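J.: Protein chains in written order, with this note's numbering: chain A, 1 to 261; chain B, 1001 to 1361; chain C, 2001 to 2309.
Treat the hints as calculated values from the structure; they're not laboratory data.
Careful, some of the hints might be misleading.
Claimed, not checked - Across the chosen pairs, the derived CB separations fall in these ranges:
#1 165(A) <-> 1033(B): 35 to 41 Å
#2 103(A) <-> 1031(B): 23 to 29 Å
#3 2189(C) <-> 1352(B): 36 to 42 Å
#4 221(A) <-> 1302(B): 41 to 47 Å
#5 2054(C) <-> 1034(B): 53 to 59 Å
#6 1046(B) <-> 2101(C): 44 to 50 Å
#7 2185(C) <-> 1060(B): 49 to 55 Å
As the list claims (entries may be wrong) - Some, not all, of what chain B presents toward chain C, calculated at C-beta under 8 Å:
#8 1045
#9 1048
#10 1209
#11 1212
#12 1220
#13 1331
Note that the structure is predicted; figures quoted are calculated from it, not measured.
Every residue gets a Cβ at the ideal spot worked out from N, C-alpha and C, and that includes glycine.
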Amino acid sequence: MTILLDAAHVDFSYGPRRVVCDVTLSLRSGEIVALIGPNGAGKTTVLKLLAGLLIPDVGRIGVSGSRPRTVAYLAQADELPSDWSVREVVELGRLPYVGLFRDLAPHDDRIVRDAMERAKVALLADRLVGTLSGGERQRVTLARALAQEPRVLLLDEPTAHLDLRHRVDLFSTLRAEAARGVGVVAVMHDLTFAAQADACVLLADGRLRAEGRPGDVLRPDLLSPIYETDLALLHAPDGRVVVVPGATKERAPWTRNQESL
Amino acid sequence: MTSTLVERPIPRMPTRRRARGLGTIVGSGLILAAVIVLSAANGAMPITLRETLHALSRGAQGHASLLEGVEAIAWNLRFPRVLMAALVGACLGSSGAAMQGLFRNPLADPYLLGVASGAALGATLAFSLSGHLEPAFSETPFEKGTFPSLVPLFSSVGAAGAVVTTLLLARAGAKSSTSSLLLSGVVVGGVLVSLTTYLMLRDADRLRAVFSWSLGNLASSSWSDLGHALPYAASGMGLLYAFARGLDALQLGEDTARTVGVRVGTLRAGVIAGASLATAAAVAFVGIIGFVGLVAPHAMRRIGAPHHRALLPASALGGATLLVLADLGARTVIRPAELPVGVVTTLIGGPFFLWLLRRGP
Amino acid sequence: MGPLSRSPVVRVFLVALVALAIGCQRDAGIAERTGAAPGSTSSAYPIEIRDDLGRTVSLPAEPRRIVSLLPSHTETLFALGVGARVVGVDDYSDDPPEAARLPRLGGLYDAHLEEIVSLEPDLVLVSEQARTEALERSGLTVWGGSARSFEDVFRVIQTIGRMLNRISEATRLSETIRKEVIAVEQRAAAGERVSVYYELDAAPYTVGPSSFVGVMLEKAGGDNVIPAGLGDFPRVSPELVIAGNPSVILGVPLADLVARPGWDRIAAVRDGRVYRLPPEESRLVVRPGPRIAEGMRVLARRLHPGDSP
């Protein structure tokens, strides 16, 4: 499996404040990596470093390929002009291929259409962005990212505005992309979804605290001190893990019925 | 569910929006041409449409010296003036659209970075110097009236100087580039305005001259002025057009634009350079005319596509039309006396802008 | 009294005496309002005079130290013979030469308040556009006004004369000016009228026929191409000037006009009869003071260069 993106011993400071300290990670093709940790841990900063939006003070970030055609970035706060149509926004994803002057070719139109379908916004193609809900706009942003034909997707809190159904949809979309060889790094607050990733990277105070498979990282003894709250992990029969904050195995009212989940 | 989506054919909508953009441009162009002829045919002195068109065709063929009477007025005064209004309006409209795109702020206008204040200071200096230098030069060939024509040169330099000062000041700031620029623009503009006011009051004789210049004056536009302004205006607007798609991408946010391959620093520099060039060309010959750069992009956005590849040319055409009409009003409302055109654009522009806002997106 | 009181001569004499007494009472009343006995040549202080701002100015005694902040007032003061009492003038008062040597106290909008106060004037003459409150708050006596029309010049001269106890000089000055003005008018009437355009500013701003300069032009034999009804200092369309085709243009250098589109066809430009008046001449034309007749002669010379001045 090829390494699409890697960071080696990266440091970054905003002025005098050191925000990222000696972080090393790599992303392989077909992998979904969840970047987790409490607020202020530096997750967004790491993502921006991976996206090439920030230059590390120390260390190195490597990408296999030219950045705009390889790495697509979805910011945490969405800024979409309300008088544009969905299609027009997604078309901007073709900029790395079309440049500043060329018109879009039929080939580009096809890719735009395809991206909208995969992000499930195809039916909204000619709606004005200003008329969409928060979740729909999130998916439009994803469609734009997919239109870049990226090998790497970097998402900052992609599930923030999505309802349950659309969170599930998003994850299945990401899985589908991974199946095509795309690597995904997503900052996640929702640990239950993080549990479905291929790997978790736990950050706290700018440092790497743990990385590995979700089962190895999502442990109450590791997470509780970092998140500063009690939490319990419950395992559903099909193997999925549910992370329950504010509870311990002992205090959970359904502990006795655990097996029936 | 997903499979049905793939099979259903998606109607090809891009043409409709793109066609709308193109349609807006063509339509605006036609309207502008009509408005130019209409405006040239009206003014202080009664000239019929036929005489106007006759003057136009004769003049265009190079037989301007054969024109007499009102036709000579039409060719020598009206057409250059109306065309200058169109050029200045185009500069202001496209600069305004570019600034609104760059700062992602609907209240941005071409004068945001201190261009107007710098130009006003330059013009005031030119007016002050012209009074003092003339006696000294009265014995030399320079007495041949070069001093009022110092104004375009001085005001261009002033405008450019103001922008450069704003940029340097912004770089020193710690905030994000866009807010830095806005703040610096306000500071530089304020300082220059006080300097200008001080100079104006010191030389009360010049007060009226500077004041009337600063309200906008198209009355002395000649064919040669037009020739001088055109290259700068065209380069400025051309530069803006080159960055049109970059401006589009910028609407998604600076970070997103960068990851899509836009060099935001270059974009910012290019757009500021282009807008300053076009605006300085406008201000240098004609003074400071407000509202056109603010209102034209908003109006065109509502009519046509918001993409800058359509919006920039459309705003140029819209701004041109707006200013030609405002100049027509300035020349005819109290004829044969004239209102300063800057007063007319503000009086019309204000309520028009309000109406645009109330109509909603 | 007896039989004398019934004599008709005595009755007439008594009536006349009473009438005279009443008349003197009335005259004394006038003297209180204007500070002068009618037909007298001296002012009786204290005086109360209204200025052009509607304020009442009180002068307890004849002013000995005067500050003038308007060039036409400065000229008037010197023409009335009280130039020696002027202790300070504005930056633009340069006529006569003695005035130019006095302390400069600022312009129209930025008078040097402290310097003025330190000169301890008992009268300050300003134009009605000046801000008098600051001066008054400093305890100075301020008279605000100026001549805004041709006829007004004489009123201002008389008023200043009254304030300074120089009424007969003021009357003489007014008469002299009037005689000179009539002389210029008569000479102009003898020749042909000349169409003229007077420019104040390149916008273009010009003078209307009823403005001060407009009246001067008319009396000097000029026909203003600007019609009445546009105001005193209108900003006009250049087309109006071109269509008016003046024979003489004043206030701009020729080279400037040649550069303007369409102006080269105007008779004045073709004939080269375009004059920018040098400062020593233009000040005579624009100042509404004692030298207006000289200003009219300046204009007349430009309009009819062949005539003797």
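J.: All hints, please: hold or fail.
T.: Tested hints:
Taken as a hint, the range 35 to 41 Å is violated for the pair residue 165(A) and residue 1033(B), whose Cβ atoms sit roughly 55 Å apart. Our hint of 23 to 29 Å for residue 103(A) and residue 1031(B) holds, since their Cβ atoms are close to 26 Å apart. At about 55 Å, the beta-carbon gap between residue 2189(C) and residue 1352(B) misses the expected band of 36 to 42 Å. In this structure the supplied range 41 to 47 Å is violated for residue 221(A) paired with residue 1302(B), their Cβ-Cβ distance being about 60 Å.
Separation of residue 2054(C) from residue 1034(B) is about 54 Å and conforms to the stated range, judged on CB atoms against 53 to 59 Å. As the Cβ distance of residue 1046(B) to residue 2101(C) is approximately 56 Å, the hint placing it in 44 to 50 Å is violated. A hinted range of 49 to 55 Å for the beta carbons of residue 2185(C) and residue 1060(B) is consistent with their spacing of about 50 Å. For residue 1045(B), the suggested interface contact is upheld, since its CB lies about 4 Å from the closest CB of chain C, less than 8 Å.
The interface hint given for residue 1048(B) is violated, since its Cβ lies 14 Å from the closest Cβ of chain C, which is over the 8 Å cut-off. At a threshold of 8 Å, the smallest CB-CB gap from residue 1209(B) to chain C is about 5 Å, leaving the interface hint in force. Hint on residue 1212(B) holds. Least Cβ distance to chain C is approximately 4 Å, under the 8 Å limit. A cut of 8 Å between beta carbons decides the hint on residue 1220(B): the least distance to chain C is about 6 Å, and the hint holds.
A distance limit of 8 Å between C-beta atoms decides the matter here; for residue 1331(B) the minimum to chain C is near 6 Å, and the interface restraint holds.
Comparing the model with each numbered hint stated earlier shows that hints 1, 3, 4, 6, 9 do not hold.
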